[in-house]
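S.K.: So the sequences go chain by chain: A and B.
So the first sequence is residues 1 to 68, counted in our numbering.
So the second sequence is residues 1 to 179, counted in our numbering.
Hints were generated in silico from the structure; no laboratory data involved.
Yeah, the Cβ is synthetic: ideal placement off N, Cα and C, and Gly gets one too.
Check before you lean on any hint, since a few could be wrong.
[As the list claims (entries may be wrong)] With beta-carbon atoms standing in for the labels, derived distance ranges:
no. : chain 1 : residue 1 : chain 2 : residue 2 : range
1   : B       : T84       : A       : S48       : 35 to 41 Å
2   : B       : D111      : A       : K13       : 15 to 21 Å
3   : B       : P14       : A       : L45       : 17 to 23 Å
4   : A       : E43       : B       : T84       : 18 to 24 Å
5   : A       : V46       : B       : A133      : 51 to 57 Å
[Stated by the list, open to error] Pairs of lysine-lysine, BS3-like flavour, derived with a Cα cap of 25 Å:
no. : chain 1 : residue 1 : chain 2 : residue 2
6   : A       : K13       : B       : K104
7   : A       : K32       : A       : K13
8   : A       : K27       : A       : K13
9   : A       : K32       : B       : K104
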Amino acid sequence: MTFEEAIIISVRKYYAGQDPEELMGSKEGETKYTREYFDELEEELVPSDKKKKSKTKEDEEVDADELD
Amino acid sequence: MSLTNPTQPNAPIPGANYTSDTRNYPWHRPPDITDLDEALEYIMDRLTETDAGMRYMSLIEAGTPITTITDMAVTLGVGRGKFTPDFAILMSGPVTRMLEIMAKSYKIEYDLGIEESDNFTTSVVYKEVFKKALAPEDDEAEITEEPSVEEDGGLMSAVSEEEQASMLGYDSEEIEEDE
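Next up, chain A with everything else stripped away, as it sits in the complex (with noise of 0.2 Å):
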């Protein structure tokens, strides 16, 4: 198996939901990169259909809040 196989497998792993508990674990404190935090930076940064629907929603009442 070459390196670029090694990588791509625990790219695989991980995208599959394997995260690599043994060296997780070892850690003292908490782990700052989990799944959520890309998550939510994800979100931050591509906000997703439904929060541009739901923020549009928002901004509406606001506006209609605002008329009134």
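With the hints as your guide, set chain B onto chain A.
M.R.: Quick look at chain B alone, frame taken from chain A:
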């Protein structure tokens, strides 16, 4: 051996590997980073603070799989002695995710490069194999046709007797006389 001075050897002295200082290479020294967060922080800094990030984005846009970019990024870290190759493999998942988010934020179409290729023989191959196995006569016919290429005088074909004699330094007339 040196071409200009054949008496001077141009290779390491036998046993030099036992005496050389292997600490000269960063990857031979203990790694600088052994913490996953620290390592990801290092990669993230390189992606956002230097031109490397945009370079990687250009490569992704050009069709390079993100796993290949991950390989490049972590190998650079290993080469600089930041972390070990094993650690690089373990952290390649989060690094790929990071690059994926970056690509998404720049609205770049990307290929993760983790799709598994089909690992089975297709029916087309089997059909071709059966077709060849069931029709041996055709193969023989093909083989018998091949020598005709040699007759035409290919590069590796046998030379004529005259040419052979001229190569050996005989005249064709001399051969006829001998006969």
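S.K.: What hint numbers does the structure not satisfy?
M.R.: Hints 3, 4 are the ones this structure does not satisfy, whereas the remaining hints hold.
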